[in-house]
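Asker: For reference, the chains in residue letters:
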Amino acid sequence: MKLFTSTKTFQGGVHPAEYKELSENLSFEIMPNPKQVILPLAQHIGKPSNPLVKKGDDVKAGQIIAEADGFISVPIHSSVSGKVKKISIEITPSGFPKDSIIIDAADSNEIELQQPLNPDTVNPEEIQARVKWAGIVGQGGAAFPTFVKITPQPNQKIDAIILNGCECEPYLTRDYRFMIERTEEVIEGLRLIMKSLGVGKGYIGIEDNKPEAIKKLKEVAENYDNIEVEVLETKYPQGAEKMLIKAILNREVPPGKLPLDVGAVIQNIGTALAVYDAVVKGEPQITAALTVSGNGIKEPKNLIVRIGTPIADVIEYCGGITEDASKVVIGGPMMGVAQFDFSAPVTKATSGILVLTKVEKNLQEETTCLRCGKCIEVCPLGLIPTKLSRFTQLDRLEDAESYNISVCMECGSCTFTCPANIPLVQWIRLGKQRVIAIQRERKSA
Amino acid sequence: MTTTTTENPVYKLELASSPHLHSRWNTKQAMWLVVLALLPAVISAVIFFGFYQLLIITVAIGFAVGTEAVIKLIRKQKVTITDGSGIITGLLLALILPPDFNLAFTALGSIVAIGLGKEIFGGLGFNIFNPALVGRAFLQAAFPVPMTTWTKPNFTEVDSITTATPLSAFKFDSVATELSSMFIGNIGGSIGETSAIAILLGGLFLIFAGVVNYRVPAAMVIGAVIFGGVFWLIDPALYPNPLFHLTAGGFLFGALFMATDWVTSPMTLKGMWIFGLGISLVLIIIRLFGGLPEGVMYAILFMNAFVPLINRYTRPRVFGEVK
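Residue numbers (the numbering used here), protein chains in the order written: chain Y, 1 to 445; chain R, 1001 to 1323.
Worth flagging that the hints you see were computed from the coordinates, not collected in a lab. Any given hint could be a false lead.
Said to hold, decoys possible - Below, simulated DSSO-like cross-link-like pairs (lysine-lysine); rule was C-alpha separation at most 30 Å, straight line: (1) Y:Lys54 x Y:Lys85; (2) Y:Lys20 x Y:Lys47; (3) R:Lys1270 x Y:Lys257; (4) Y:Lys132 x Y:Lys20; (5) R:Lys1012 x Y:Lys35; (6) Y:Lys157 x Y:Lys85; (7) Y:Lys8 x R:Lys1270; (8) Y:Lys132 x Y:Lys86; (9) Y:Lys35 x Y:Lys54; (10) Y:Lys60 x Y:Lys98; (11) Y:Lys8 x Y:Lys201; (12) Y:Lys20 x Y:Lys85; (13) Y:Lys85 x Y:Lys55; (14) R:Lys1078 x Y:Lys20; (15) Y:Lys216 x Y:Lys47; (16) R:Lys1028 x Y:Lys361; (17) Y:Lys47 x Y:Lys281; (18) Y:Lys298 x R:Lys1012; (19) Y:Lys98 x Y:Lys157; (20) Y:Lys358 x R:Lys1012; (21) R:Lys1171 x Y:Lys361; (22) Y:Lys195 x Y:Lys20; (23) Y:Lys298 x Y:Lys8; (24) Y:Lys60 x Y:Lys35; (25) Y:Lys98 x Y:Lys47; (26) Y:Lys98 x R:Lys1270; (27) Y:Lys47 x Y:Lys83; (28) Y:Lys361 x R:Lys1152; (29) Y:Lys132 x Y:Lys98; (30) Y:Lys358 x R:Lys1028; (31) Y:Lys54 x Y:Lys361; (32) Y:Lys20 x Y:Lys216; (33) Y:Lys98 x Y:Lys83; (34) Y:Lys298 x Y:Lys257; (35) Y:Lys358 x R:Lys1078; (36) Y:Lys98 x Y:Lys35.
Claimed, not checked - Derived list of chain Y stretches under chain R, where covered just means 3 residues or more per stretch with a C-beta under 8 Å from a C-beta of chain R: (37) 27 to 33; (38) 172 to 179; (39) 248 to 258; (40) 337 to 350.
Backbone N, C-alpha and C define an ideal beta-carbon position, used for all residues, glycine too.
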């Protein structure tokens, strides 16, 4: 029986099987440090960081080894103590090789920390400076530098901070574990962000399939009259920024605009905790919390690992993959990236490593479009996926543009639901890139 | 434990972009659910009109599937008869023919339904008109007399006796049929269209299974009640009450199995409402003022033609866009 049910939600969406039972009752485990870490200089949106070390240098865990380059950029800290082996181009989970610092780890668990700050007396500037130093990026997937989001800009009116506790992707349970194991700290992190932005109202959006976390959050939130726990319908993609704002504030972010434009800032649960750890404990972002799950992994776990740990090490730590494993994905199964090289490292925004089998994926033979309209019914953004996909196939990019292809957020609900098994969002992704390229050309011409 | 693990060739993994999961839906399964949902209507046909109807159904399905296979072979395309759509077309066509219909004509109807209704447009997914209705429209034009000769439902006698359908009885003789008979199905009418209860059983199953979008049948019911109701209120003696419209002729069968055909109905949610209301409007006009007693077939075919236009003008509002 469901303890909490909610009808607060958005239009459209899908209900994939959750598979959360594989890992939801497993407490976080701290994985031993790897022998080597690979730290890409671009783990965030914005300019890649500038390396401050060279081959042969001794580094300590927590030491800044690359500095932020420009405003939208973050510093990178060494996640282990050891020696810089080299700086070279290495594969990353995005599939693209990028400049990375490789460090051979020494046998040490020491971390260089900053002075802890008192959360009750800290001022906004101190919070921003500390978050900037800690190199925190958003953990919801986009990896946008967090200090930029929590620093008030002129002419910007924000009246709500929303913590995203939906975790609407199947399998992933790390935010759920955070909300259960570190409830007070999550809310403390939210309060620090509210303080930094000078915003009086905070929300935690959570789907009604997580009764235990809702109960715990509500108990703590009761102590603050400006923080509300909003229980939302369990539906993918409830955790998408636009959908979350719609469900909680009933505001719609217009196409091409940001949550900021409707007065809201969204932060991931993990990001709020990273802010808390940076301010109150003086820790830089050198660990990532992951759900390692899927029917293709022998021992599903919720893990804390050092950033830069190769995927192969994590998989090995979880007992390896099964015979019938057929795909390894970084992130969630709906929007994550399939991996072809297990040497790619865990980065700041990694939230999960999934090993899927053929049975779970349930991919079937593609047929022609039957015009059933299911993709239109589930599209949370009001698009016509089947047309966008067809336009891309036929190279009718003007039509794709006029049907708002660039609005698509690639949540994959259409492909998931399509009875004809057409890879709709995959085509749309391609068309979107082409249309954006044309738009850019038009602008520069 | 270093990067060399990666060269390990043991893993045979797939690479594809997200999403990495798929729902339970696939074309074949949806088609077979429709076939399953038609079984109550088939059973009612046997009960009211006898086992001969199974022969008609078999011939209709056989020729539909055969025609599809032959055309696919001629066009050197993959033979897709296992997707079940040809079977559905044949079955639907059989169920809307008069009982004891000529088998040769049935075969001809199936050939036309698949050939002219579906394959000429490029096959499943590309046709504009409901294939089964195209087949029936052809038979109606080619063999008007056998197409309007209705066997009286009979449980015991071998010789068939002809009867009127509730619609023609009302139209030409001003005789009203008991609604309870129309609900159960022991009335004159097409093979699978007489028993409202059997049709509802299958139709509701499809709605709950998620194959049929409830909007089209709902819009048709609302439309028939409104448009039929207006005339009934004007003159209850001259025009039948709306409930009669809902249970008479091919209304329910059309609403649940014909108008809801994925390929030939609108894709947008708003479009589905317009489509359903349009069918009912045309239907009521034909039934009350046309030369024919029944108009479901023509009403649906007529509205099929508007589907591309409806789709175009009922694009959903893009999220966040102010109109």
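Asker: For every hint, state whether the structure bears it out.
Answerer: Hints versus structure:
no.: 1; hint: Y:Lys54 x Y:Lys85; in the structure: holds (9 Å)
no.: 2; hint: Y:Lys20 x Y:Lys47; in the structure: violated (35 Å)
no.: 3; hint: R:Lys1270 x Y:Lys257; in the structure: holds (27 Å)
no.: 4; hint: Y:Lys132 x Y:Lys20; in the structure: violated (33 Å)
no.: 5; hint: R:Lys1012 x Y:Lys35; in the structure: holds (26 Å)
no.: 6; hint: Y:Lys157 x Y:Lys85; in the structure: violated (47 Å)
no.: 7; hint: Y:Lys8 x R:Lys1270; in the structure: holds (23 Å)
no.: 8; hint: Y:Lys132 x Y:Lys86; in the structure: holds (26 Å)
no.: 9; hint: Y:Lys35 x Y:Lys54; in the structure: holds (19 Å)
no.: 10; hint: Y:Lys60 x Y:Lys98; in the structure: holds (23 Å)
no.: 11; hint: Y:Lys8 x Y:Lys201; in the structure: holds (19 Å)
no.: 12; hint: Y:Lys20 x Y:Lys85; in the structure: violated (39 Å)
no.: 13; hint: Y:Lys85 x Y:Lys55; in the structure: holds (6 Å)
no.: 14; hint: R:Lys1078 x Y:Lys20; in the structure: violated (40 Å)
no.: 15; hint: Y:Lys216 x Y:Lys47; in the structure: violated (39 Å)
no.: 16; hint: R:Lys1028 x Y:Lys361; in the structure: holds (18 Å)
no.: 17; hint: Y:Lys47 x Y:Lys281; in the structure: holds (28 Å)
no.: 18; hint: Y:Lys298 x R:Lys1012; in the structure: holds (17 Å)
no.: 19; hint: Y:Lys98 x Y:Lys157; in the structure: violated (37 Å)
no.: 20; hint: Y:Lys358 x R:Lys1012; in the structure: holds (12 Å)
no.: 21; hint: R:Lys1171 x Y:Lys361; in the structure: violated (56 Å)
no.: 22; hint: Y:Lys195 x Y:Lys20; in the structure: violated (34 Å)
no.: 23; hint: Y:Lys298 x Y:Lys8; in the structure: violated (37 Å)
no.: 24; hint: Y:Lys60 x Y:Lys35; in the structure: holds (14 Å)
no.: 25; hint: Y:Lys98 x Y:Lys47; in the structure: holds (12 Å)
no.: 26; hint: Y:Lys98 x R:Lys1270; in the structure: violated (48 Å)
no.: 27; hint: Y:Lys47 x Y:Lys83; in the structure: holds (25 Å)
no.: 28; hint: Y:Lys361 x R:Lys1152; in the structure: violated (53 Å)
no.: 29; hint: Y:Lys132 x Y:Lys98; in the structure: holds (23 Å)
no.: 30; hint: Y:Lys358 x R:Lys1028; in the structure: holds (19 Å)
no.: 31; hint: Y:Lys54 x Y:Lys361; in the structure: violated (44 Å)
no.: 32; hint: Y:Lys20 x Y:Lys216; in the structure: holds (19 Å)
no.: 33; hint: Y:Lys98 x Y:Lys83; in the structure: holds (20 Å)
no.: 34; hint: Y:Lys298 x Y:Lys257; in the structure: violated (43 Å)
no.: 35; hint: Y:Lys358 x R:Lys1078; in the structure: holds (25 Å)
no.: 36; hint: Y:Lys98 x Y:Lys35; in the structure: holds (21 Å)
no.: 37; hint: 27 to 33; in the structure: violated (count 0)
no.: 38; hint: 172 to 179; in the structure: violated (count 0)
no.: 39; hint: 248 to 258; in the structure: holds (count 5)
no.: 40; hint: 337 to 350; in the structure: holds (count 7)
When the structure is compared with the earlier hints, violations turn up for hints 2, 4, 6, 12, 14, 15, 19, 21, 22, 23, 26, 28, 31, 34, 37 and 38 and for no others.
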